[in-house]
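Number of protein chains: 2
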Amino acid sequence: MLIAIPLFERVTALDAVGPYEVLQRLPEAEVRFVGEQTGFVTTDNGMLRLGIDGTLDETPDPDVVIVPGGIGTRRLIPESPLVDWIRAVHPGTWWTTSVCTGSLVLAAAGLLDGMKATTYWAAYRELEALGAVPTEQRVVEHPEQRVITAAGVSSGIDMALRLAEHLTDRTTAEAMQLAIEYDPQPPFDAGAPSKASQEVMARIIEISRTRD
Amino acid sequence: MLIAIPLFERVTALDAVGPYEVLQRLPEAEVRFVGEQTGFVTTDNGMLRLGIDGTLDETPDPDVVIVPGGIGTRRLIPESPLVDWIRAVHPGTWWTTSVCTGSLVLAAAGLLDGMKATTYWAAYRELEALGAVPTEQRVVEHPEQRVITAAGVSSGIDMALRLAEHLTDRTTAEAMQLAIEYDPQPPFDAGAPSKASQEVMARIIEISRTRD
Chain A
1 MLIAIPLFER
11 VTALDAVGPY
21 EVLQRLPEAE
31 VRFVGEQTGF
41 VTTDNGMLRL
51 GIDGTLDETP
61 DPDVVIVPGG
71 IGTRRLIPES
81 PLVDWIRAVH
91 PGTWWTTSVC
101 TGSLVLAAAG
111 LLDGMKATTY
121 WAAYRELEAL
131 GAVPTEQRVV
141 EHPEQRVITA
151 AGVSSGIDMA
161 LRLAEHLTDR
171 TTAEAMQLAI
181 EYDPQPPFDA
191 GAPSKASQEV
201 MARIIEISRT
211 RD
Chain B
1 MLIAIPLFER
11 VTALDAVGPY
21 EVLQRLPEAE
31 VRFVGEQTGF
41 VTTDNGMLRL
51 GIDGTLDETP
61 DPDVVIVPGG
71 IGTRRLIPES
81 PLVDWIRAVH
91 PGTWWTTSVC
101 TGSLVLAAAG
111 LLDGMKATTY
121 WAAYRELEAL
131 GAVPTEQRVV
141 EHPEQRVITA
151 AGVSSGIDMA
161 LRLAEHLTDR
171 TTAEAMQLAI
181 EYDPQPPFDA
191 GAPSKASQEV
201 MARIIEISRT
211 RD
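Top to bottom, those sequences are chains A and B.
Using my numbering, the letters of the first sequence correspond one by one to residues 1 to 212.
Using my numbering, the letters of the second sequence correspond one by one to residues 1 to 212.
Next comes chain A alone, as it looks inside the complex:
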């Protein structure tokens, strides 16, 4: 089972690493980080480098695709080698998925036309402009189209657990949850715009003008 995670300059690391950490442990899974060129990409803030193992061209037949988000997605839409690759490989995948603003790339590839989908909470309008119907659900599944989109950053972990169940079975997926000891106990409850105070909303706008 080949799971391809495309990386690009200014990707958000946790979007990619959350699902990777869940799925790499599946029996017989191989996770391959792919990109326009092999080498390394630098994350959104420039603070972390992640390795690319193979090019998009070298990876024409992934079984699963997980497109992470990050401010770098904006340079990939509406057209880029990654968008072309998504279009080309999707007919052969079992699942084509996204985390955060990775859904903008799926939308640009035409995978979300007229469909409910999600993205980072600050990017609903951008997603809508690309033809999807944004919804506030954390994970949106379309089994018939074999497409899943997840909300911002950390939601990729929840999405990957669901994906693990689809790819294997419930017991194995629960074992993956235990393997990453995912028994979340956040000290606050401000993880969605509907739960955050006005003060928190103001603070995040102040802090993260260039982030998703």
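Everything labelled a hint here was simulated from the structure, so no lab data went into it.
Each hint should be verified, as a subset may be incorrect.
If chains are identical, the list can't say which one is meant, so a pair holds when it fits in one copy or spans any two.
To be verified - Listed next, the in silico EDC-like pairs over lysine to aspartate or glutamate satisfying Cα-Cα at most 20 Å (straight line): (1) 195 to 165; (2) 116 to 128; (3) 116 to 144; (4) 116 to 63; (5) 195 to 136; (6) 116 to 126.
Note that the structure is predicted; figures quoted are calculated from it, not measured.
Model the placement of chain B on the given structure of chain A, informed by the hints.
Just chain B, lined up with the frame of chain A:
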């Protein structure tokens, strides 16, 4: 504010990337990935490469230290350049912390002697053998000693949110939670040994003989 995250061969990626993703967004924070040598390390399964920005020697005065876990920690205890470095820098840090089996490294450095601490659920005995008192809490804080240990892998996100509050204020920490849209909705409830079925426990032992 300099936040140093040591990396080493066979580190567990999410242990490092979860806290990084929360803390990199703090105003004026610089996250630096440090190691014995600059270059790259490969994660526990060999599937992902993470970049190291500076050596331990070049980083004598971090304000915050976060030691991730992974099977690679076993080669670092009881003595290694990283253990020496932890001993040397801890007196000057605001907080010295760990995720998963990173606590074995803190314990080897003598930071957890006789103290309650946590680690990955499968490593309690190893932690105890190094002088700490293992407890099943997800995040264990010792404000006086400026030490925090977190449980397995994904618990680093919960720990980092608490750390964000200590380093800034509650509003900023909540904004960081919103920035990573951390409103967890796991599809199952098997993220701790006490919650997992016997069948799930058997499956994980079968799958992950060499992982933490």
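Worksheet item: Given a CA cutoff of 20 Å, do residue 116 and residue 126 count as a within-copy pair, a between-copy pair, both, or neither?
Response: within (14 Å within a copy, 48 Å between copies)
Item to complete: Measure nothing new, just compare the shortest in-copy and cross-copy C-alpha distances for residue 116 and residue 128 to 20 Å and report within, between, both or neither.
Response: Intra 10 Å, inter 50 Å, cutoff 20 Å: intra-copy only.
Worksheet item: 20 Å Cα cut-off: does residue 195 pair with residue 136 within a copy, between copies, both or neither?
Response: Only inside one copy: residue 195 and residue 136 sit 12 Å apart there, 29 Å across copies, limit 20 Å.
Practice prompt. If the cutoff is 20 Å on CA atoms, where do residue 116 and residue 63 land: within, between, both or neither? Let me know, please.
Written response: Classified as neither: same-chain Cα gap 23 Å, cross-chain 44 Å, threshold 20 Å.
Worksheet entry | Alpha-carbon proximity context of residue 195 and residue 165, limit 20 Å | Between. Shortest inter-copy distance 18 Å satisfies the 20 Å Cα cut-off; intra-copy 29 Å does not.
Discussion item. Within a copy, between copies, both or neither: which one fits residue 116 and residue 144 at a CA-CA cutoff of 20 Å?
Written reply: Within. Shortest intra-copy distance 13 Å satisfies the 20 Å Cα cut-off; inter-copy 50 Å does not.
Hint compliance for this structure: hint 4 alone is broken.
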